[in-house]
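Number of protein chains: 2
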Amino acid sequence: MSQEKLKFVIIGGGAGGISAASTARGLASPNSSVTLFTEFEDVAYSPCGIPFVHGREIPDFKNLFLQTAEHYTGIGIDIRYNTKVTGINLDKKFVSVGSEKFPWDRLIIATGFEYGNPDIPGIDLDGVHYVKNIRRAMEFDKKLDSIKKIAVLSASPLGIEMAGNLAQRGIETHLVDEGGWLMSEVADPDIMEPVQESFEELGVKMHFGTKAHEIRGQNSKVKSLMTSKGEIECEVVIVATHKVPNNTLSREAGIKVGSTGGVLVDDHMRTGVDGVYAAGDCTEVVHGVTEIPIQGLSGSHAYSQGRIAGANAAGDNRAYDPVYVPWGMVGGKIQIGGVSLGETLHKALGIPHVVAFSQGISRARYYPGVTRMRVKLIADPKTHRVLGAQMAGGEGIKERADFLAFSIKRKATLEDFAWMENVYSPPIGALMEPIALAAQAGLAKLANV
Amino acid sequence: MSQEKLKFVIIGGGAGGISAASTARGLASPNSSVTLFTEFEDVAYSPCGIPFVHGREIPDFKNLFLQTAEHYTGIGIDIRYNTKVTGINLDKKFVSVGSEKFPWDRLIIATGFEYGNPDIPGIDLDGVHYVKNIRRAMEFDKKLDSIKKIAVLSASPLGIEMAGNLAQRGIETHLVDEGGWLMSEVADPDIMEPVQESFEELGVKMHFGTKAHEIRGQNSKVKSLMTSKGEIECEVVIVATHKVPNNTLSREAGIKVGSTGGVLVDDHMRTGVDGVYAAGDCTEVVHGVTEIPIQGLSGSHAYSQGRIAGANAAGDNRAYDPVYVPWGMVGGKIQIGGVSLGETLHKALGIPHVVAFSQGISRARYYPGVTRMRVKLIADPKTHRVLGAQMAGGEGIKERADFLAFSIKRKATLEDFAWMENVYSPPIGALMEPIALAAQAGLAKLANV
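First to last, the protein sequences are chains A and B.
Take the first sequence: its position 264, counting from 1, is numbered 264 in our numbering, and each next residue is one higher.
Take the second sequence: its position 227, counting from 1, is numbered 227 in our numbering, and each next residue is one higher.
None of these hints come from the bench; they were simulated from the model.
Any given hint could be a false lead.
Claimed, not checked - Within a straight-line C-alpha distance of at most 27 Å, the following computed DSS-like cross-link-like pairs (lysine-lysine) qualify: (1) B:K62 to B:K93; (2) A:K411 to B:K382; (3) A:K411 to B:K62; (4) B:K84 to A:K409; (5) B:K333 to A:K333; (6) B:K411 to A:K409; (7) B:K62 to A:K409; (8) A:K411 to B:K333; (9) A:K382 to B:K409.
Claimed, not checked - To give an idea of the interface, some chain B residues facing chain A are shown, with a C-beta separation under 7 Å as derived from the structure: (10) W181; (11) K229; (12) P427.
All of these numbers come straight from a predicted model, not from anything done at the bench.
The beta-carbon is built from N, C-alpha and C at its ideal position, and this holds for glycine as well.
Start from the sequences, fold in the hints, and give me the full structure.
And the structure:
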């Protein structure tokens, strides 16, 4: 696209950094250089797969690697592994690695996230584990066979994936959370109820309304987790708290961060500093329904943002739309997911809403493998516009979340969903689509007010 | 809703008739009467499940019954079983059952479909079977254990379901079709290719470009099917040809039928005769993209149309939108589906189009159970509006077809899909949604023209 000879520097080797580098490389002139710095040993693996290797759903960590180092060399991306960028100079346009300086014409910041550190005594003990780097995960996995008891801090999405997989591995697993139910910060209790039941079957010990006070050790190794409700014996504490943007570098350089701690970017992923872009978990972006800035989204969001940042850095002109945040995951044996905010957050934020709820089925009710599906649509009581959704079921949650995100972005109403056309075929879909049933229930409720 | 005392008469006990009767019953005044006539022994079972009982995917025919006769008595619907309506008098507002007359204030015609009869010698032989009535299916199923060879006429959706299930049952199954590939009237060859491979593995013998000439018999029993390409020995011939609206009664009464043979209805499912409505496979409705009338849709469509007809007959004012026809089914071990027209029909109709194709995956590529998914979007080359879609894969086809139908109705473009947000979670969704990948491929193709 651009014929200019430019130096592209990318900080960070996660989904945002890698997609930015690849996109810039594809659009920049061949005589441009694309250099990516990562403090880790690897890029292009799937950190999201780690819990499932621990749970033996996936046989080996090597399955998680998606590209080789040679691939990137081959397409002309210079990746500097084990290389921590220590400073960004915006005036003189270089990044520092210790005393070394690397000049840039275009800089893309994709420094990702860290786990919000619970500021409690004992957090540095041997046995406190963070799920992020694949090499640490490999070492951790080797120890798991001899470990009997683990406490997971907190019932976040990652905490739930870890707890489910560790319990499946046969380890006594304690899930400790200050909230009243699983994923209480984002999900509704009625949606998480089947996951909780599944966890009970798997033997996960759930401690709700429980605050971690201290990690106790012996010979500098974890011995127990002291909580507001008593002591939990364990050899390992896994920190799976909420994600916090990793922006020390940006802050020190004078790049503006927003209210969430994420780098402020416009709809072109520009930071406001000429030639400097940001993408992924280190940024904050606009939520499409509430119009407030949010952070801590998925690898898929990071990847898209990286594509936008990389393309624009290379001279393209692409906008990134506000996000509606379809999400989905597996908790125990249950799939859960949603779009935008659930009922709990609508209540907490004081947004007028009506809840449209129904329980449907994923296939014909007589077909083997059929599962029940809870669908909840949260709608504006006046316009009937759907504002958010949450679901739980046995299959098809991810696809429905994508569908609902797309539709909610385009201002679909309860009426639209109530009369939607749907596939009916006994092995793959029921006569009545669960989303339509929920919308119909919502309209019936509104008609009776 | 209505306080008037009215006589509702419904002809037909399939999805359209049953939903019309139930909806009218719910909205009509309690002193109104709702009478439904069916020539069969049962209502409220799922005919779509029949092939899967033959294939032993579903253990028993009794699983297919969804409601009891007592249920309808209980809610005040008078069902006349084994009762063939022989005439409709529009002037004097009654239907005849032989010499008996039943007056109506509101009439809903839901007479369904018949299989287009291949007009060949031998069609009346013992051993020619139609998949429709559940009692006949039960009798047929008992014979299957002693049957060795079956020919299925043609590679229609039902023909494919029957062939796959009979082959799975261990019967030598021949699928005979005049077209060049499976479901050639609606689906594209590249989409049906994985189904064909699956059929080869299952041992289904496919005869394409093959016309049935004669069913030959011995002692009035089927002995073979004579075709344009030779004789196929078989004890049974299953007629699974295209659906034709069953409108002899309506035609004789003077109710107007359209170019497809379906009863002409407006957007309120009104026939044009005061107080007379129609719903389901006996009607034709408007296709949302091409704006031409079509017939032969799904049980889900019939059900929705019945709801509209029943509600309007009872005094409500509900419109039925043009249809975009999401479809999906299982062929062999493969799920296939789509929305509106595929590439083949766009070509045949001379509609300018670009094909956006990609192969994606249903979960993270390292996650057990991951399957490949072909997604093809057919778009307007000028506006980039998506006009139709076809897909093949291992999971999630029905949900994607619903999504695409909803989006295409709302005029979504390749750009919309290329940048759609999607759930990423290794066990249930890949980093890149296959629909987005197809849209991206389409845009890249358009950019290079």
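Notebook entry, point to check: Hey, K411 of chain A versus K333 of chain B, does the alpha-carbon distance stay inside 27 Å?
Noted result: Distance ~37 Å between K411 of chain A and K333 of chain B Cα, so the pair is violated.
Notebook entry, point to check: Does K93 of chain B lie within 27 Å of K62 of chain B when you go C-alpha to C-alpha?
Noted result: 38 Å, violated
Margin query: Does K229 of chain B hold up as a contact with chain A if the rule is Cβ-Cβ below 7 Å?
Written below: 31 Å, violated
Check: Between K62 of chain B and K409 of chain A, does the CA-CA distance stay at or below 27 Å?
Finding: 43 Å, violated
Item checked: Supplied contact hint for W181 of chain B, tested at 7 Å Cβ to chain A -> 20 Å, violated
Note to self: Between the alpha carbons of K84 of chain B and K409 of chain A, is the straight-line distance 27 Å or under?
What the structure shows: 50 Å, violated
Check: Between K382 of chain A and K409 of chain B, is the straight-line Cα distance small enough, at 27 Å or below?
Finding: Judged against 27 Å, a Cα distance of about 24 Å means the pair holds.
Check: Keeping to a limit of 27 Å between CA atoms, is the pair of K333 of chain B and K333 of chain A held or broken?
Finding: 24 Å, holds
Margin query: So if I understand the rule, the pair passes when the alpha-carbon distance is 27 Å or less; does K411 of chain A with K62 of chain B pass?
Written below: 43 Å, violated
Next item on the list: Verify the proposed pairing of K411 of chain B with K409 of chain A, using a straight-line Cα cut of 27 Å.
Entry: Since the Cα atoms of K411 of chain B and K409 of chain A sit roughly 14 Å apart, the hinted pair holds (cutoff 27 Å).
Checklist line | Hint status (Cβ of P427 of chain B to nearest Cβ of chain A, threshold 7 Å) | finding: Holds. Min distance 5 Å.
Next item on the list: With a cut-off of 27 Å on the C-alpha distance, tell me whether K411 of chain A and K382 of chain B pass.
Entry: 25 Å, holds
Of the hints listed earlier, those the structure fails to meet are numbers 1, 3, 4, 7, 8, 10 and 11, in rising order.
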